[in-house]
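*Asks:* Starting from the structure of chain C, add chain D where the hints point.
Number of protein chains: 2
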Amino acid sequence: MKEKVTIYDIAKALNITAATVSRALNNNPKISEATRTLVIETAKKMNYEQNRFALALKSGKSNNVGVVVPFINRNFFSSIIRGIEEELYPKGYHVIICQTHEDTKKEEETVQNLLNAQVDGILMSVSKTTQQLRHFKKVLKSNTPLVFFDRIKEIDGVSTVTIDDFQGGYIATKHLIDMGCTRIAHATVDLALDIYKYRFEGYKEALNDHGIPFKEEYIIKTKSDIDAGEKAIKKLMKLKNAPDAIFSASDFAALGAIQELTKLGVKVPNEFAVVGFSNEPFTQFMELSITTVDQSPVEMGKMAARVFLEQMKEPTLKIMKKVELSPELIVRKSSSSLTAKQQTNI
Amino acid sequence: MKEKVTIYDIAKALNITAATVSRALNNNPKISEATRTLVIETAKKMNYEQNRFALALKSGKSNNVGVVVPFINRNFFSSIIRGIEEELYPKGYHVIICQTHEDTKKEEETVQNLLNAQVDGILMSVSKTTQQLRHFKKVLKSNTPLVFFDRIKEIDGVSTVTIDDFQGGYIATKHLIDMGCTRIAHATVDLALDIYKYRFEGYKEALNDHGIPFKEEYIIKTKSDIDAGEKAIKKLMKLKNAPDAIFSASDFAALGAIQELTKLGVKVPNEFAVVGFSNEPFTQFMELSITTVDQSPVEMGKMAARVFLEQMKEPTLKIMKKVELSPELIVRKSSSSLTAKQQTNI
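Line by line, the protein sequences give chains C and D. Per this note's numbering, the very first residue in the first sequence carries number 355; after that it's consecutive. Per this note's numbering, the very first residue in the second sequence carries number 355; after that it's consecutive.
Hints in this document: simulated from the structure, not taken from any laboratory. Check before you lean on any hint, since a few could be wrong.
For identical chains, the list gives no copy identity; a pair is met inside one copy or between any two copies.
Calculated cross-link-like contacts (lysine-lysine; reagent style DSSO-like; alpha-carbon spacing at most 27 angstroms) [to be verified]:
1) K492 <-> K399
2) K398 <-> K495
3) K617 <-> K687
4) K687 <-> K585
5) K558 <-> K366
6) K482 <-> K676
7) K459 <-> K445
8) K492 <-> K672
9) K588 <-> K687
10) K621 <-> K687
Extracted from the complex, chain C is given alone in its bound form:
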């Protein structure tokens, strides 16, 4: 196999350094017009093929941005990715997507892999199982911009884009209280993760603000899937003083809850109200549509992309930005025919 012509060959032919050749090919303003013209003409003569990745190795610019999420098949994450792409693609960046399946080992490997691939930046949401921060520090050390969205770790120098999960938990719970519910359960996923912790705290604060005592037995730790929601209801409905509503930190668990309640003959929303979280598309499709908290994920993605672009514009500055979006309650049938009743009573 014939060896390809490299920038080292061009450098040798012109008796200049490979760095100068690289800079000339990359239109670095430090290089004079005369040198640039000379390098480009020589490169052409020697049949030098510009390989963007070889270029990236020298210039540190690949025009690729790595996006790492736990799962691509959650509408929340795929919508964030859509937002990122809508913002970055017109600016000439390609988005490379990787999923970790909530596996911290896979996350570490993925981050290392993206660094090896010379991406210009990494935008990511942290896996539930991630404890140590070694791989993130490696990213910072390599001067690659790192932006966390939604699921974050507090690391000096890392920008974050989140929604106000406390507010999300608060408005969801307040809504159930406004609907007349007084025994409100909460299904959480993992209180070690900030997003779930803040939703839980918003829930507690709303109860407190409305004089409803907090009950430990109403807190159920579940996975964020349908089965988990079914199990949560089975457990809750066996309590002596069973709840009359649930605020689930996951739409999937909310769906499972409704399915189990229906099986048990409990009428939703008249006897039991349900609120989910995330505004997954199916919550809207159901005949018994599910009340949920929208996190404007497309907007979150755009924001994360803009934070990255800002950093790229000012490579000599270290920019650390914290952006927090506001969640929005979307009231649907699983919690709202009570309102209809109240309204007709007026």
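*Replies:* Positioned in the frame of chain C, the structure of chain D alone reads:
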């Protein structure tokens, strides 16, 4: 900035070619043990940092596999990707995911970008708008294995994994006939794409086999989204001889159809039966669950990955494989209470 030590520096120091250095670092069996030891020790002494991508440029192996799909937020595609990852990750490969949004220009750029990134293979589903094959031929020319899944183009040397869409269209339509429907409409998406063409042909064949005349006015071209399904029903129900069933090549359009039928006061399934295609999760979640055709996407992904691995094992062979999976009809409420009625009549 200090220039990094490259294989060219090591080559110069040892007075051997850069290719030899590269081969030694890559454990190429053509290199003697003595040379390998010498190169590795020199590299260590010179503080040479192995950059996997720099290595990839020389060795042609990055352990990255590119997966390109139109959208990641369709359960069908995200499940295929899951299957690919389940098969490739234990073999040491990382999966890089890119989406084209059905944009052929973006598809071309993405493929070029993956080639630049020195991926070891590209597994992809072709965008609806793709006509020309230039970018695929570039992949073949670079000796990078290319595997098409689901949406394919017939190209010499490219392996494909598909499901039998003809059979899918046939069993969906036959089921509606078995349920007693006689005026069966078909919502298709784009007959220029093989998958939709074959589903349509399966539909026609099933009608023909059961002595039901084909009617052009029952064929509606839609997008694969909810709105499109609503529009299709609006149009169909205005016909003099309105249909009593629809086989939709898209689950989303099937959902829209059901929503519009409900609005019009037409009872599903008693007055009008609906069958979708793809087994998107929401089809199962609905209280009026939707009959659909499952395409075993996880299996399809695993199969595509296995075809790729087979090619990697035999780099000197050109392997071209065509694998076709069988679809499965999943009968749910949107077409089946008729059966229930028939059964109670027995």
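*Asks:* Evaluate each hint against the coordinates.
*Replies:* Consistency of the hints with the structure:
1. K492 <-> K399: between (40 angstroms within a copy, 23 angstroms between copies)
2. K398 <-> K495: So K398 and K495 pass the 27 angstroms test across copies only (22 angstroms; inside, 36 angstroms).
3. K617 <-> K687: both (18 angstroms within a copy, 17 angstroms between copies)
4. K687 <-> K585: both (22 angstroms within a copy, 25 angstroms between copies)
5. K558 <-> K366: neither (70 angstroms within a copy, 68 angstroms between copies)
6. K482 <-> K676: The answer is within: 21 angstroms in one copy meets 27 angstroms, while 39 angstroms across copies does not.
7. K459 <-> K445: Intra 32 angstroms, inter 15 angstroms, cutoff 27 angstroms: inter-copy only.
8. K492 <-> K672: Within one copy only: 16 angstroms inside a chain, 40 angstroms across chains, cut-off 27 angstroms.
9. K588 <-> K687: For K588 and K687, both the intra-copy (22 angstroms) and inter-copy (26 angstroms) Cα distances are at most 27 angstroms.
10. K621 <-> K687: This pair counts as both: shortest intra-copy Cα distance 12 angstroms, inter-copy 21 angstroms.
The structure is inconsistent with hint 5 alone, although it conforms to all the rest.
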